[in-house]
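Visitor: The lines below spell out each chain.
Number of protein chains: 2
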Amino acid sequence: MERAPGAYRILNSENLPALLAGMEDVRALLGGRPEDWRVREVGDGNLNLVFIVEGAGGSVCVKQALPYVRAAGPSWPMSPQRAFFENAYFTAVAPHVDGLIPRVYRYEPLLYCTVMERLSPHIILRQGLIAGRRYANVARDIGDYVARATFFTSDLAWPFERKMDGIALFAGNKALIRITVDLVFADPYRQSERNRHTSPQLDAVVADLRRDGPLKAAAARFGQKFLSDLQALVHGDLHSGSIMVTEQDSRVIDPEFACYGPIGFDLGAFLGNLLLNWYSQPGHASADDDRSAYQRWILEQARTFWEAFRGRFLALWAEHGKGDAFPAAMFGAGDAAALQSARSEFVDSLFADMLGFGACKMIRRIQGFAHVIDFEQIRDADTRAGCEARALALARLLLTHPRQFRSIDDLIDAVPRVAAEERPRKR
Amino acid sequence: MERAPGAYRILNSENLPALLAGMEDVRALLGGRPEDWRVREVGDGNLNLVFIVEGAGGSVCVKQALPYVRAAGPSWPMSPQRAFFENAYFTAVAPHVDGLIPRVYRYEPLLYCTVMERLSPHIILRQGLIAGRRYANVARDIGDYVARATFFTSDLAWPFERKMDGIALFAGNKALIRITVDLVFADPYRQSERNRHTSPQLDAVVADLRRDGPLKAAAARFGQKFLSDLQALVHGDLHSGSIMVTEQDSRVIDPEFACYGPIGFDLGAFLGNLLLNWYSQPGHASADDDRSAYQRWILEQARTFWEAFRGRFLALWAEHGKGDAFPAAMFGAGDAAALQSARSEFVDSLFADMLGFGACKMIRRIQGFAHVIDFEQIRDADTRAGCEARALALARLLLTHPRQFRSIDDLIDAVPRVAAEERPRKR
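Going line by line, the protein sequences match chains W and B.
Letter by letter, the first sequence follows residues 27 to 453 in the working numbering.
Letter by letter, the second sequence follows residues 27 to 453 in the working numbering.
These aren't lab readings, by the way, just hints derived from the structure by calculation.
If you're wondering where the values come from, they're calculated on a predicted model, not measured in any experiment.
Heads up, a few of these hints could be off.
Since copy identity is lost for identical chains, a pair holds within one copy or between any two.
Here are the simulated EDC-like cross-link-like pairs (lysine to aspartate or glutamate), alpha carbons at most 16 angstroms apart as the crow flies [said to hold, decoys possible]:
1) 200 to 374
2) 200 to 50
3) 348 to 229
4) 348 to 187
5) 200 to 62
6) 348 to 208
7) 200 to 275
8) 200 to 187
9) 251 to 219
Extracted from the complex, chain W is given alone in its bound form (with noise of 0.2 angstroms):
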């Protein structure tokens, strides 16, 4: 039977160059003969085909999301309608992160499709941070983007329509805020067999989480708020493996799991999967490097991350707060400290979010279903399980014990404290 055309089918080096060629913009953009075109699949994830596309005159890529998750087959159907959310996302925030994300040429809603900039020679963010290598923009370049994204998504700069419209768009993306809701605030907390960890050496240490009541609260608490709290349009998987960088240059991708909820829920993706790293260090020492030296460059992102994103929030509301939140005719000149102190104490709100979201996030990665290269990559067992038993501890601290944690100076404080802290257990 002859489909439509357009209708859906599954990209490959085959069918992919005359899609491309219908494209005006995109074949004179790779240039020379269709023919000529070098087409590889690069994808690596779970869930899409990835595609770069070489001609003769330039490069793209080429995304799809698959009917069915890659890893398992067929036999695993999940729609590919989070490919339209992806380019919902990135359609609703590219007015306001100018550079910060791929170029999007062209989305095919039927093939679910993105034809996108092509980011050479651009590397996974959390693969440098594995390597130690330090980019001298990252950390401020995210923080502004959060805080342009999640600010002009929100109620403090349009009328509220817009964020109602936005959030009746993606309350349609429920397949993958499920994942969220499940992976990152349920499971990590029960038995479960999506769960694994590091075995035996931090069994103890799990069991001992997973029976710390007033930690699982806590814990709750926060997967209440993302439930709840729709502050602004998030990302919704803001970690390492979602940013690709160069010396100069960052990028954010992958936007899949787009949603309304609290704009912590993305500084502490970042955060989050900074401190992971953080952790990660001791096993990916070498002779040469104990790499205390890119510990402390790392804590330094953490600072820069908070102070970029609290400082651009802090400018766009001065400049832009023309929404029904916190309305700009409420206030006059002699309201200047009262509305200061307001901002401050919302920001403040902010940042104890990223902490407590920060630190799930650290859990999950730890003893949930999906795990980072970070300690993946260290292949010795009792290493990693240190490692992965102090990151634990700090994420423990944050959620138990938030007061402790009143400043960005508090936490880089408690981080390499709880390290030292932190020895590994008798089993």
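Please build the complex by placing chain B on the supplied structure of chain W, with the hints as guidance.
Guide: Quick look at chain B alone, frame taken from chain W:
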């Protein structure tokens, strides 16, 4: 030009019987011949037509949304879509609030018209409170009602997908939410042609409040929360004019402002209007009743309302907590104390929200667009202004010193104390 049968037309005593005669169950309920049914239009609100239709066997109430503001006429158009959301709200909460809303016999989508139970001999609670009548059950009923209606539309009760579908649906009720956003959270705090207050007696008090930066910042924070903290489906206008009562029976009506929002918004509407009534009582005193005993009864109702809500909400959570927020699978027998403590903290946050939203509701009824007859019926302007000033003083305290109000006792102590302290200002 002929209209399609069922197309929108404004109902009247001529065309309404034919419509109802076509509804088999309604026809049977009314009894007798349609030409003998008596039809009276009794609506006294700003927006809708309300008919009572009486037959030989019974009676019904018919409410139709007009496509313009009734008080202004067709020159001020307004979508009748609110009737759809009113019906959607009743449909969503009906399974959980049995007996506390009117029975809905029929919703006619093209006519934006609801045929429902005629409540008789019920009167509007606000009228009863002004008259100094006591209703033994209403505070407990409404506390119970808010607990049931909000718990069962929150993420505590069901998988999150259900609330998310509801959020997407009620996001369409923007025209009415716009009214709340402007009239509750913005206009009262600034100069606006829509505002009015008892003048000149209250001029200084109102001007002073509009210069109070910390108060405005606190009100704005609740406005921001109203738009972002989508905990549950809320009625959106749950004041004493939206409740009909007999000595024994209580019914919630008029949920056309329904939306997803903070649970405290409904709690605050009821509480705030009880408190407005308390402060209005000196204006309704007579030679043989200074209303001080009735004021004590009102404050008992505030306590009963909160305790009924709290008790029911926690009981529902314990028995029906099957949602994605605080997932039951995370918590074992050993976590009972931690979970109990987390639930208490959550309910404490609803208490704080109730006071803040209640204060916003009080302020808007005294210096905003829409006033309450509790005050409006006090003919002597000086007396009225004194009552209003004392109510404003409490609202200011609630917003600017929330930490003075940790429990319902703190509130009940403060209400008469503030009244005693607040002396009329010199003009």
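Visitor: So, for every hint listed, does it hold in this structure?
Guide: Cross-check of the supplied hints:
1. When the C-alpha separation of residue 200 and residue 374 is checked against a cutoff of 16 angstroms, the pair qualifies neither within a copy, at 30 angstroms, nor between copies, at 30 angstroms.
2. Taking CA atoms no more than 16 angstroms apart as the test, residue 200 paired with residue 50 passes in neither setting, with 34 angstroms inside one copy and 41 angstroms between copies.
3. Within a single copy, residue 348 and residue 229 get their C-alpha atoms no closer than 52 angstroms, and across copies no closer than 29 angstroms, so neither meets the 16 angstroms cut-off.
4. Taking the closest pair of Cα atoms, residue 348 and residue 187 come within 16 angstroms of each other only inside a single copy of the chain (13 angstroms); across copies the shortest separation is 32 angstroms, beyond that limit.
5. In the homo-oligomer, the alpha carbons of residue 200 and residue 62 never lie at most 16 angstroms apart, since the shortest distance is 41 angstroms inside one protomer and 53 angstroms across protomers.
6. Taking CA atoms no more than 16 angstroms apart as the test, residue 348 paired with residue 208 passes between copies only; the shortest distance there is 14 angstroms, against 36 angstroms inside one copy.
7. Taking the shortest Cα distances, residue 200 and residue 275 never come within 16 angstroms of each other, neither inside one copy (32 angstroms) nor across copies (41 angstroms).
8. Taking identical chains as interchangeable, the C-alpha atoms of residue 200 and residue 187 lie at most 16 angstroms apart only when they sit on different chains, with a minimum of 7 angstroms there against 21 angstroms within one chain.
9. Proximity of residue 251 and residue 219 under a CA criterion of 16 angstroms is satisfied in neither setting, with 26 angstroms inside one chain copy and 38 angstroms between copies.
Violation of the numbered hints given earlier is confined to hints 1, 2, 3, 5, 7, 9; the remaining hints are satisfied by the structure.
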